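Asks: Spelled out from the first residue to the last, the chains are:
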Amino acid sequence: MNSVNSIRDTFFEECEELLEALADGLSEMADGDASQDTMNAVFRAVHSIKGGAGAFALDQLVSFAHSFETVLDGLRNETIEQTTDLMRVLQKSGDLLANIVEAARSGSTFDEASLASNLDALSSYGNASSADVAPEPAFAFQPMAIDIELPDSSDTDRLSDTHVGFEIHFTPHWPFYANGHDPILLFTALAQIGEIDVALSEENLPTLDDLEENTTHLSWTITLKTDESETILHEVFEFVEGLCDLQIDPIVAEEEPLPDAIANKIPADKKISAEASAQKNTKPVGPKPTLRVDLERVDRLINTVGELIINQAMIAQRMGENSALLDADLSNDLDDYRLLARDIQEAVMAIRAQPVKPLFQRMSRIVRESADEADKTARLVVIGEGTEVDKTIIERLADPLTHMVRNAVDHGLETAQERIDAGKDPEGTITLSAAHRSGSILIEVQDDGGGLNRDKILSIAIEKNLIASDQEITDAEIDNLLFMPGFSTVEKVTSLSGRGVGMDVVKNSVVALGGRISISSTPGLGTKFSITLPLTLAVMDGMVISVADQTMVVPISAMIETIRPEPSDLHPLGTDKLLLSVRGQYIPVIDVAEILGLVRTDACPAPDVYLLIEAEGVGQCALGIDEIFDQRQVVIKSLEGNYQAIPGVAAATILGDGKIALILDTDAVALMQAGDPDRARKSNSQLEHSHE
Amino acid sequence: MSDQDEQFTEKSTCEFVTFTAANQSFCLDIMKIREIRRWAPVTILPHSPAEVLGVMNLRGAVIPIFDLAAGFGLGPTPHNDRNVIIVANNGTQTVGLLVQSVSEILSVSEDQIQSTPDVNSESTRQSIPEVISLENGMTRVVDLQFIARAVSQVAA
Numbered sequence: 001m002n003s004v005n006s007i008r009d010t011f012f013e014e015c016e017e018l019l020e021a022l023a024d025g026l027s028e029m030a031d032g033d034a035s036q037d038t039m040n041a042v043f044r045a046v047h048s049i050k051g052g053a054g055a056f057a058l059d060q061l062v063s064f065a066h067s068f069e070t071v072l073d074g075l076r077n078e079t080i081e082q083t084t085d086l087m088r089v090l091q092k093s094g095d096l097l098a099n100i101v102e103a104a105r106s107g108s109t110f111d112e113a114s115l116a117s118n119l120d121a122l123s124s125y126g127n128a129s130s131a132d133v134a135p136e137p138a139f140a141f142q143p144m145a146i147d148i149e150l151p152d153s154s155d156t157d158r159l160s161d162t163h164v165g166f167e168i169h170f171t172p173h174w175p176f177y178a179n180g181h182d183p184i185l186l187f188t189a190l191a192q193i194g195e196i197d198v199a200l201s202e203e204n205l206p207t208l209d210d211l212e213e214n215t216t217h218l219s220w221t222i223t224l225k226t227d228e229s230e231t232i233l234h235e236v237f238e239f240v241e242g243l244c245d246l247q248i249d250p251i252v253a254e255e256e257p258l259p260d261a262i263a264n265k266i267p268a269d270k271k272i273s274a275e276a277s278a279q280k281n282t283k284p285v286g287p288k289p290t291l292r293v294d295l296e297r298v299d300r301l302i303n304t305v306g307e308l309i310i311n312q313a314m315i316a317q318r319m320g321e322n323s324a325l326l327d328a329d330l331s332n333d334l335d336d337y338r339l340l341a342r343d344i345q346e347a348v349m350a351i352r353a354q355p356v357k358p359l360f361q362r363m364s365r366i367v368r369e370s371a372d373e374a375d376k377t378a379r380l381v382v383i384g385e386g387t388e389v390d391k392t393i394i395e396r397l398a399d400p401l402t403h404m405v406r407n408a409v410d411h412g413l414e415t416a417q418e419r420i421d422a423g424k425d426p427e428g429t430i431t432l433s434a435a436h437r438s439g440s441i442l443i444e445v446q447d448d449g450g451g452l453n454r455d456k457i458l459s460i461a462i463e464k465n466l467i468a469s470d471q472e473i474t475d476a477e478i479d480n481l482l483f484m485p486g487f488s489t490v491e492k493v494t495s496l497s498g499r500g501v502g503m504d505v506v507k508n509s510v511v512a513l514g515g516r517i518s519i520s521s522t523p524g525l526g527t528k529f530s531i532t533l534p535l536t537l538a539v540m541d542g543m544v545i546s547v548a549d550q551t552m553v554v555p556i557s558a559m560i561e562t563i564r565p566e567p568s569d570l571h572p573l574g575t576d577k578l579l580l581s582v583r584g585q586y587i588p589v590i591d592v593a594e595i596l597g598l599v600r601t602d603a604c605p606a607p608d609v610y611l612l613i614e615a616e617g618v619g620q621c622a623l624g625i626d627e628i629f630d631q632r633q634v635v636i637k638s639l640e641g642n643y644q645a646i647p648g649v650a651a652a653t654i655l656g657d658g659k660i661a662l663i664l665d666t667d668a669v670a671l672m673q674a675g676d677p678d679r680a681r682k683s684n685s686q687l688e689h690s691h692e
Numbered sequence: 001m002s003d004q005d006e007q008f009t010e011k012s013t014c015e016f017v018t019f020t021a022a023n024q025s026f027c028l029d030i031m032k033i034r035e036i037r038r039w040a041p042v043t044i045l046p047h048s049p050a051e052v053l054g055v056m057n058l059r060g061a062v063i064p065i066f067d068l069a070a071g072f073g074l075g076p077t078p079h080n081d082r083n084v085i086i087v088a089n090n091g092t093q094t095v096g097l098l099v100q101s102v103s104e105i106l107s108v109s110e111d112q113i114q115s116t117p118d119v120n121s122e123s124t125r126q127s128i129p130e131v132i133s134l135e136n137g138m139t140r141v142v143d144l145q146f147i148a149r150a151v152s153q154v155a156a
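Listed in order, the protein sequences are those of chains A and D. Its first residue numbered 1, the first sequence is counted upward by one per residue in this note's numbering. Its first residue numbered 1, the second sequence is counted upward by one per residue in this note's numbering.
Excised from the complex, chain D in its bound form:
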């Protein structure tokens, strides 16, 4: 989280990549994103929670693929050719996120980012700590660490 905080306190503008999962708009700090890949079959991991689809070979590294929609409790992402995997850095780890589609790169000034208002769900506020308002709606800033942590708690 600390480097994300830094982004928000020290820089006046930030760039995000927005994408769609379960027909909702989400976004992720562009600095955390390594690449975007087409969907390819994964190797299923035994005894893994529903949002962990399996592992994939990224040029010799074994990376886990999470279904973002399922991770937010929005149901599994249906299979579609437009589905993509966002490969992102989560601290020292590299993870892949399955989403419906990637939309655009969003450049916003700091004051456009708001903390998630007090909703009666602590886990939602932790996994989506901030929201950004857009012309035609709102996009949710995803906290990767929270997702990975939630998964490992379920699995353990």
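Just chain A, same shape as in the assembly:
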């Protein structure tokens, strides 16, 4: 990767953060509780994107950001009135800006038509503002890079003819020093441009008693004799703009009249210092410092820490077995070791954890777009956006969540007229929430629409042969029909949903992440989808069991309950099948040893304990096992890396004694019993991916 590309990558990474800040600020403004700081933040985000785009000659991005910024500036200076319509245009502009950035990043194209119409809308507001205020308020923010590229442009020439030097007033703020800048370096750079005279103004210097740490009191006045243009000067201060008050006044040779070009420059400079002081106010409460790290390095660290945990458990177990070695001191040290190892593991896992905020922000855009297309009005309410989830889970949740939010707007919400008739606010509300709940993440998508139309669902299911017409079925079971493959209630295929991607795909993605999805609906009040996900993919809660002398692990997420039945609860069926009666219901029994081809010894001739599970596509099954040892977190290790996928086995893990235990793939086992080995093999790969 060459350096230009890497700078370009950095720019786009920063764009992501800026766009996030922009979306944040805009939604705050839309809610009507935006402070001046928020306005400034929004303006700065667009401005910074424009500045960066200018450096990479992304013209379209620059010009769009410029129009956007003009309106924002008007809004900030209260020359444009904030209206609902304007906010809509601004939010759409934010979306478009994200589109253009993405297009510029990937080199793809985007919807030019919507860009043009949006530009029109923006400029209608923008013009209104510039009519009111001084001519071309945004003139000050033209990217400066362009002038440097064209040193013989007429502008430069004209300037160099009319001045003999500059007087520069320079007052650095605290962040200037905090970022490691040094005024002397700037003066040295200026000295290379021309003859300089630096004077320190001491009038702001407090007495020693009043001196505060982390504040600045020094400012300088520099007289520079040069015939270079002002642009060159700005180049010197390029990296510290925003970190200081800077005013550059040309010193004009007396006999020459003051040309317009320079007159325009002066208010421009004031503008910079105005912006700089605005930044000064917000800077100390800015975002926490962050570090960008290659994901691969983090994963390597996580793997190694996983091994450290195993190693710690092994040592503890060895010491426990050999109690002669164990005195009080050593046992204390071992406890410390265990705690330290856990701390490290938690800290390392936290590196991968990220707030769901960016994901949720994308959803607010999905709601806007879907509502537009479906001709409904809807707003998104977000709860718990600070909840942190493993990065991979966030990434793989994007598609299913997008789909669910679209569904909620498209199918969940009624039209405005229907809502008014039902006595509701014509604007629908989609609530998206995230929360930690007992070691897992709960994500809910809720709409305040009409609820599920169960009669319709039932008739479609019967029509599509998903259930028998005379089958008795509860409301909850009807709701769950939505997750069946091949079910789609839309009669009219819209561009939003009903593209053949049904809720079954959503369910599969959630299950593939080791999670569960459920649905609840109240007629007239709306529908709620709840997704429960593990905190991380690298470790899993498992039940350690034994089957035919082999230690194995069953994912807790797959289990409903454990049963130690009376002999009278087991009923043989046919030649070799067995049914278990659970509260009057008969559930097929699967002998795990038999299905995995393990040989039972005389010590444990038959299963002793049964695990009730809910298997994908099969329903409830009882897994016959020999013994339950323990419930613990296990580190998931892939089998495919060095070997291959094995039907019935999801992955492996390493136990405290250093031995490998296989993690049972309950769905695959159930499918194997049901005589569907092909699907069992397919189901097999689910946990494996998570290791990557």
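Rather than coming from a laboratory, the hints here were simulated on the basis of the structure. Don't take every hint at face value.
Covered by chain D, per the in silico footprint, the following chain A stretches (three or more residues, Cβ under 8 Å) [as the list claims (entries may be wrong)]:
#1 306 to 314
#2 421 to 429
Sample of chain D residues at the chain A side, in silico, Cβ under 7 Å [claimed, not checked]:
#3 THR43
#4 LEU45
#5 HIS47
#6 VAL55
#7 ASN57
#8 GLY60
#9 VAL62
#10 THR94
Sample of chain D residues with no beta-carbon within 10 Å of chain A, all distances over it, derived [what the hints assert, rightly or not]:
#11 SER12
#12 ILE63
#13 GLN93
#14 GLU122
#15 GLN126
These numbers were taken from a predicted model, which means no experiment stands behind them. Every residue gets a Cβ at the ideal spot worked out from N, C-alpha and C, and that includes glycine.
Fit chain D to the given chain A structure using the hints.
Replies: Just chain D, lined up with the frame of chain A:
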């Protein structure tokens, strides 16, 4: 295979580790061998072919252990304290081979390595592409990839 070919075409001498399985002498390019370990109990894999003994924990990595003798159809290796596991790289994978014992490091010049003569068994020629003659007999050069591939075909 390509890096093995390289070994044979570009270098004049090669080093092999020789070992015994089913009382026959085999050898493996020393560059492919990561370490040699004592036998330790493995975790049995369900529905695996006879030559796949199970998986083992190698410092946090899960590696499959193959019984080399069984893989060549020479019957399972009987349990013995002298049995060792050769941990070897097979492309991107790491595998373990159970053998009776490891003998020595063999340094041979290229012309001592012969292609396996035409015997009426294609699979034998593929799994043992070459042989090296020794003072007191012959050692067989093992192609790991072929073994792993044969196993996965049986299992699939």
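Asks: Flag every earlier hint the structure violates by its number, smallest first.
Replies: 2, 12, 13
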